[in-house]
Structure formats: structure tokens, C-alpha cells
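Those sequence lines, one after another, are chains H and P.
Going by the numbering used here, the first sequence opens with residue 46, and the numbers climb by one from there.
Going by the numbering used here, the second sequence opens with residue 46, and the numbers climb by one from there.
Bear in mind the hints are in silico, worked out from the structure with no lab data behind them.
For glycine and all other residues, C-beta sits at the position ideal for the given N, C-alpha and C.
It is possible that part of the hints are untrue.
What the hints assert, rightly or not - What the simulated footprint calls covered on chain H by chain P, stretch by stretch (three residues with Cβ under 8 Å from a Cβ of chain P suffice, anywhere in the stretch; the number is not a length):
#, stretch
1, 213-225
2, 254-262
3, 268-276
4, 297-310
What the hints assert, rightly or not - A partial selection of chain P residues facing chain H, derived with a Cβ cut-off under 8 Å:
#, residue
5, Lys227
6, Arg235
7, Glu242
8, Thr267
9, Ile309
10, Asn371
Claimed, not checked - Calculated Cβ distances over 12 Å to all of chain P for the following chain H residues:
#, residue
11, Glu59
12, Thr122
13, Ser164
14, Val241
15, Ile250
2 protein chains.
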Amino acid sequence: MLPPIELLQLLKNENNFIIATHINPDGDGLGSSIALSMALQAFGKRTILLCRDPVPWQYKFLPGQERLFVFKEIQHTGYKAQDFKNLILVDCNDIDRITDSKDQDDQIARHLTAGSRLSTAVIDHHGTEKSFGDIRWVRPDSAATGLMLFYLIRELGIKITAEIAINLYAAIATDTGNFRFKSTTPEVLRVAADLVEAGAKPYVIYEELFGSWSRERFALFTKVLGTLRTENGIAVTKVTREMLEETLTTHDDTEHFVGLPMTIKGTKVSALFKEVEDNYYKVSLRSRDDINVAQIAELFGGGGHKNAAGYKIKADIESAEKRLLNTLAHSEQ
Amino acid sequence: MLPPIELLQLLKNENNFIIATHINPDGDGLGSSIALSMALQAFGKRTILLCRDPVPWQYKFLPGQERLFVFKEIQHTGYKAQDFKNLILVDCNDIDRITDSKDQDDQIARHLTAGSRLSTAVIDHHGTEKSFGDIRWVRPDSAATGLMLFYLIRELGIKITAEIAINLYAAIATDTGNFRFKSTTPEVLRVAADLVEAGAKPYVIYEELFGSWSRERFALFTKVLGTLRTENGIAVTKVTREMLEETLTTHDDTEHFVGLPMTIKGTKVSALFKEVEDNYYKVSLRSRDDINVAQIAELFGGGGHKNAAGYKIKADIESAEKRLLNTLAHSEQ
Numbered sequence: 046m047l048p049p050i051e052l053l054q055l056l057k058n059e060n061n062f063i064i065a066t067h068i069n070p071d072g073d074g075l076g077s078s079i080a081l082s083m084a085l086q087a088f089g090k091r092t093i094l095l096c097r098d099p100v101p102w103q104y105k106f107l108p109g110q111e112r113l114f115v116f117k118e119i120q121h122t123g124y125k126a127q128d129f130k131n132l133i134l135v136d137c138n139d140i141d142r143i144t145d146s147k148d149q150d151d152q153i154a155r156h157l158t159a160g161s162r163l164s165t166a167v168i169d170h171h172g173t174e175k176s177f178g179d180i181r182w183v184r185p186d187s188a189a190t191g192l193m194l195f196y197l198i199r200e201l202g203i204k205i206t207a208e209i210a211i212n213l214y215a216a217i218a219t220d221t222g223n224f225r226f227k228s229t230t231p232e233v234l235r236v237a238a239d240l241v242e243a244g245a246k247p248y249v250i251y252e253e254l255f256g257s258w259s260r261e262r263f264a265l266f267t268k269v270l271g272t273l274r275t276e277n278g279i280a281v282t283k284v285t286r287e288m289l290e291e292t293l294t295t296h297d298d299t300e301h302f303v304g305l306p307m308t309i310k311g312t313k314v315s316a317l318f319k320e321v322e323d324n325y326y327k328v329s330l331r332s333r334d335d336i337n338v339a340q341i342a343e344l345f346g347g348g349g350h351k352n353a354a355g356y357k358i359k360a361d362i363e364s365a366e367k368r369l370l371n372t373l374a375h376s377e378q
Numbered sequence: 046m047l048p049p050i051e052l053l054q055l056l057k058n059e060n061n062f063i064i065a066t067h068i069n070p071d072g073d074g075l076g077s078s079i080a081l082s083m084a085l086q087a088f089g090k091r092t093i094l095l096c097r098d099p100v101p102w103q104y105k106f107l108p109g110q111e112r113l114f115v116f117k118e119i120q121h122t123g124y125k126a127q128d129f130k131n132l133i134l135v136d137c138n139d140i141d142r143i144t145d146s147k148d149q150d151d152q153i154a155r156h157l158t159a160g161s162r163l164s165t166a167v168i169d170h171h172g173t174e175k176s177f178g179d180i181r182w183v184r185p186d187s188a189a190t191g192l193m194l195f196y197l198i199r200e201l202g203i204k205i206t207a208e209i210a211i212n213l214y215a216a217i218a219t220d221t222g223n224f225r226f227k228s229t230t231p232e233v234l235r236v237a238a239d240l241v242e243a244g245a246k247p248y249v250i251y252e253e254l255f256g257s258w259s260r261e262r263f264a265l266f267t268k269v270l271g272t273l274r275t276e277n278g279i280a281v282t283k284v285t286r287e288m289l290e291e292t293l294t295t296h297d298d299t300e301h302f303v304g305l306p307m308t309i310k311g312t313k314v315s316a317l318f319k320e321v322e323d324n325y326y327k328v329s330l331r332s333r334d335d336i337n338v339a340q341i342a343e344l345f346g347g348g349g350h351k352n353a354a355g356y357k358i359k360a361d362i363e364s365a366e367k368r369l370l371n372t373l374a375h376s377e378q
């Protein structure tokens with residue numbers, strides 16, 4: 046998997062880069078961005094790492110995560126928006142995935158969305174077709190953006206340090222569900238082996254990513270399981286604000302919950318309804334095999350991967366559920 | 046990891062083999078035994094695969110699992126015990142791990158335990174020190190017996206077919222918790238990559254091993270989580286016979302349950318008490334890092350690995366719990 050020559054040239058010839066990953070960042074977005082930032086610094090470049098949202102708790106162990114600034118913090122860096130001439134989007138491939146364009150108070154958001162002032166590149170494995178970016182390296186066949194970064198960093202001739210290896214391993218482990226998804230190819234396993242040799246510790250990273258639940262989160266999990274209903278291979282669970290209050294948790298604590306009902310034999314789709322406000326839900330979807338929940342999510346104005354997607358809906362819980370179930374029933378015809 | 050020459054010679058020079066794995070067989074025991082049986086047959090040898098217990102439901106997908114006979118079925122094979130001159134223990138290294146020696150009605154059990162009539166070899170990665178076996182290939186540094194089998198089969202010059210690959214991948218995935226335990230080395234990942242290339246499908250095998258729960262099992266799981274109590278880093282859960290009856294499940298359905306409380310941050314030991322009869326419990330233990338639960342289990346007459354062990358105890362639940370908690374507290378001094 047070779048990166049395009051234009052991308053290598055941009056990284057070699059230019060000297061400062063904004064590296065930005067998507068809103069609600071995950072292990073692949075963060076690990077890949079941090080690894081790129083570290084690699085470019087080793088190469089003598091200036092980088093700044095931006096994200097609309099702060100690093101979620103389960104990624105706080107990533108070495109270098111403190112490099113990430115949320116947009117509003119940029120003044121603390123001593124940088125000014127106009128210092129930056131190059132923007133690289135990592136693990137997403139459109140500007141609307143990194144910033145809420147309505148946020149006109151934010152100088153960085155304005156700077157980034159102005160576009161023409163910057164050279165732009167995207168490095169991503171998400172399949173959504175967009176045209177943003179002077180240089181687009183988009184490989185939907187790659188299990189993770191972290192895998193692409195591994196090849197990019199190697200191609201730049203930069204040593205994969207233990208810190209870079211941990212970030213890239215975490216990126217790949219996140220997006221392959223720790224080597225359990227269909228995307229787990231021999232190549233993925235061999236790159237993972239190289240990263241372990243370079244200093245990533247699989248059991249430590251697994252514990253951090255998937256196995257460090259607070260007691261509160263575990264209590265929430267037990268409650269959420271209690272809401273499970275299954276019908277025609279569709280598993281529905283719910284998180285209400287009341288449940289969050291009772292267990293002293295937040296929506297961040299629900300990460301991966303939607304995947305668990307998939308372990309029930311015959312489950313084709315799992316949907317988790319997360320109450321944000323009265324009659325306003327965030328819905329996470331997971332699916333097996335050929336059921337494309339990204340298409341379903343897009344119908345509701347959301348998006349994602351074929352087997353992992355999400356959307357938001359303004360409706361009471363009964364209608365929200367009903368609309369999803371109807372849409373799923375219709376899409377299978 | 047090269048097998049001893051004596052083992053290679055035995056397999057090359059002899060023509061018939063009993064391959065036996067341990068009681069309550071798991072994915073490593075079964076996958077490794079089936080792979081060895083397939084490899085030796087490809088080599089023109091006669092093999093019979095024996096186990097005291099039948100193949101549990103989650104391993105029924107292993108190609109060739111129908112080769113396994115429980116002791117009492119041997120008459121259906123047309124073989125007689127005295128036909129066999131060679132015994133290979135796989136994923137265990139002592140005769141008392143494959144048969145209940147009290148079972149004197151069983152001709153095979155008698156034949157196997159007579160010992161002197163047979164050439165015996167053991168292939169195992171469990172560290173318990175025993176002296177059984179004319180040839181002992183015991184590698185506690187190996188993540189799985191399946192990993193040893195990979196090298197053995199390659200050394201014999203036998204092609205790793207898709208069927209062998211699936212069995213070996215399942216063996217390795219079982220004993221590394223799908224590449225999440227400390228035993229996940231670069232070597233493990235590279236052998237896994239070779240096995241995927243030979244035809245093993247990671248996502249299919251993961252689903253079968255870890256992701257094909259019945260609705261009944263999932264209901265039991267929700268109940269078991271409801272019994273969770275944590276204290277000083279020790280998580281205790283319970284399965285009563287009443288819970289099994291209510292959910293139409295059996296003790297087989299509790300596999301892996303003991304691991305889940307380990308996801309709670311700060312949990313050092315997880316113990317699952319499974320009620321077998323009135324005042325009679327099977328106890329499964331899991332631990333993190335340097336806490337050796339095999340030693341704890343041995344104190345109660347059980348055994349296992351450093352971080353995964355078990356024992357049986359005749360006591361009411363309160364005393365059983367208390368004795369374990371006291372022993373754990375004492376062992377940490």
C-alpha cells in the first residue's frame with residue numbers, strides 16, 4: 046500500500062502542518078494523527094494537532110495525546126491560524142467531519158473552512174465519496190487509517206519508535222475490534238507484529254482500549270443490558286439520561302455497548318438509542334455481513350461504515366424505534 | 046520453536062496413534078488435536094482422537110471435530126484398545142488430565158492408564174511439572190499448543206490445508222483471548238497471518254468462538270452480572286442452579302463469563318462460583334499481571350495457568366467465598 050508521490054512530496058517540501066481528525070475522535074483517528082505528528086516532527090517539521098473534541102478517557106494512554114488541541118485552545122499554543130499553510134485530514138476526508146461549520150466564532154474553524162488559503166491533503170480509509178483535498182489518499186480497502194500511516198511513515202524513511210508503534214497499534218486494534226472484524230487480513234496481522242516488535246504491547250493496549258471500565262460504567266452496562274429487546278434478528282437497547290444520572294456516567298461511557306448484543310446468535314443488526322434531550326436521540330448501529338447500516342444511517346442524515354454507523358433523530362423513543370425498524374424491514378426487501 | 050527429533054521420529058516411524066486431549070476440552074486442546082490428526086492422516090497414518098467429554102457447542106464449527114470420540118464410544122470406531130501402540134497427549138501433559146482414573150469400567154481408560162503397553166508423547170504449553178511421557182515436548186513459553194502444532198506440522202513437511210489452518214487459528218485465538226493476552230507476541234501474530242493466508246477467516250472464527258451466544262445464554266449473562274460484588278480489587282459473581290433453570294441454560298453456557306468483570310478498572314482477580322449441587326461449587330478464577338491464581342487453585346486441589354485457573358469446593362456459598370477471599374488476602378502478603 047504505497048502513498049501517492051504528491052503526498053510524500055508535500056510532507057517533504059513543506060514545513061508546517063495542521064493535522065486534524067474527525068469530531069468524536071476514536072482510536073484510529075487519534076492514533077493515526079499522533080503518529081503522523083510524531084513522524085513529521087522527527088523529520089524536522091512543525092505540526093499542530095487539532096480536533097473539535099477533547100481526547101476521550103479510553104485514549105488518554107496514547108503517548109503524545111497531550112499534543113491534541115481542541116479548536117478553542119489554539120491561542121495557548123502560540124500559533125496563529127495564519128501560520129499554517131498545510132492541512133492534513135486524518136481518518137476522515139471532508140471538512141465537515143472535522144468542524145461544525147456553523148461555529149463562526151471560532152477563528153480556526155473559519156480558517157480551515159476558508160480552504161483556498163491552504164494546501165490540503167486527506168489520509169483516510171472511509172469510503173464516503175467527497176471531493177475535498179488537493180491530495181486525496183483514500184483507501185476503503187485498508188482496515189484502518191493507522192495501517193496507511195504505517196506505510197507512509199516507513200516510506201518517509203522515519204523510524205517507527207515505540208511511541209509511534211503504540212499509536213498505530215491502537216489505531217489498528219480500534220478499527221479491527223482487536224483483530225476480530227472481517228478487515229483482519231494477513232497484512233494487518235503482520236503489521237501488528239512489526240508494531241509489537243517496535244514496542245507496542247498488545248495486552249496493555251487491549252486493556253486500555255477495551256478493558257478499563259469504571260465501576261460506574263459497568264453498572265450502566267448492566268442496566269443497558271436490562272433494556273434489551275430482540276425481534277427478527279434486530280437487537281435494540283437504550284440509554285436514558287436517568288440511567289446516566291443513576292450511575293454517575295456520561296454518554297462517553299456507552300462506547301462499544303452497541304456491539305455486545307451482536308454476540309447473540311442470529312442478530313443481524315444492533316441499535317443503541319442514546320437519549321440526548323427530550324425526544325432527541327443519538328442512534329448507534331452495528332450489523333453483520335452484508336447488511337449496510339451506513340446506507341440506513343445516511344437515510345436519517347448520518348453516516349459511517351458498512352457495519353458500524355450512526356445518526357441523530359428528533360422524535361420520541363417509540364417513533365424513533367419504529368422508524369428504524371420499518372426502514373430496516375424495507376431495506377431487506 | 047523446533048519439536049524434538051524423538052517426537053518427529055515417533056510420528057514418522059509409527060503407524061497408529063491415539064491422540065487424546067484434556068477433560069472439558071477447549072479450543073486449543075481440540076483445534077491442536079484435530080490438526081495433528083489431519084496432518085498424520087495426510088502422512089498416511091491411522092489416528093483416533095479421544096476425549097473424556099464431547100465437543101462443547103462453541104467448537105462444533107471446527108472442521109474435523111466429528112473425529113473426536115468420547116471414551117465410551119470407541120467400540121463404534123471398529124478399533125480395539127489393544128490396536129494402539131502410541132499415545133499422544135495434546136494440550137496437557139499428564140494422564141490424569143485426560144481420564145478420571147476411577148472409571149475402571151472403561152476399557153480405554155484402563156488401557157491408557159496402564160502406560161507400559163504404549164509409547165507415550167506429550168505436546169503441551171502448560172507449565173505444571175509432571176513426568177508422564179516417554180517424549181515430553183512442553184513449552185510454557187508458547188502462547189498455545191496450536192502454535193507448537195504449527196511448527197510441528199511444518200517440520201513434518203505436511204501442507205497446512207484450510208481445515209488445519211482453521212483448527213490451529215482457533216486454538217491460538219482461544220488461548221490468547223483473540224490476541225489480547227500477554228502471550229500475544231510478534232510470532233503469534235505472524236503465525237496467525239500465515240494461517241489466514243492458508244484459509245482461516247478471523248471474523249468467522251471469532252464469531253464462532255466468542256460471538257455466537259444463544260438468547261438464553263445472554264439472559265443468563267445479564268443475571269450473572271446482577272450478582273457482581275467487588276471488594277479490594279476482587280470481583281465475585283455467581284451462577285446458581287435456579288438461574289440456569291430460569292434461563293434454560295447449563296454450566297457450559299457460562300464459558301468466558303468469569304473474564305468480564307476483569308474489564309472493571311482495578312480488578313485484580315475475578316471469581317465465578319458455579320453451583321453444581323447443594324453446597325458444592327466449581328470456582329473459576331482469572332487474574333491480572335503477577336497474581337498467580339494457579340497457585341491459589343492448587344491450594345484448593347485445582348490447577349490451571351497463572352492468570353486463569355479453577356477448583357472445586359464442598360461448602361456453602363458463604364464459607365466458599367470467605368475461604369477464597371481469605372486465601373487471596375493471605376497470598377498477597
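Evaluation of the provided hints:
{"no.": "1", "hint": "213-225", "in the structure": "holds (count 3)"}
{"no.": "2", "hint": "254-262", "in the structure": "holds (count 6)"}
{"no.": "3", "hint": "268-276", "in the structure": "holds (count 4)"}
{"no.": "4", "hint": "297-310", "in the structure": "holds (count 5)"}
{"no.": "5", "hint": "Lys227", "in the structure": "holds (4 Å)"}
{"no.": "6", "hint": "Arg235", "in the structure": "holds (5 Å)"}
{"no.": "7", "hint": "Glu242", "in the structure": "holds (5 Å)"}
{"no.": "8", "hint": "Thr267", "in the structure": "holds (5 Å)"}
{"no.": "9", "hint": "Ile309", "in the structure": "holds (5 Å)"}
{"no.": "10", "hint": "Asn371", "in the structure": "violated (23 Å)"}
{"no.": "11", "hint": "Glu59", "in the structure": "holds (35 Å)"}
{"no.": "12", "hint": "Thr122", "in the structure": "holds (32 Å)"}
{"no.": "13", "hint": "Ser164", "in the structure": "holds (37 Å)"}
{"no.": "14", "hint": "Val241", "in the structure": "violated (5 Å)"}
{"no.": "15", "hint": "Ile250", "in the structure": "violated (9 Å)"}
Checked against the numbered hints listed earlier, the structure breaks hints 10, 14 and 15; every other hint is satisfied.
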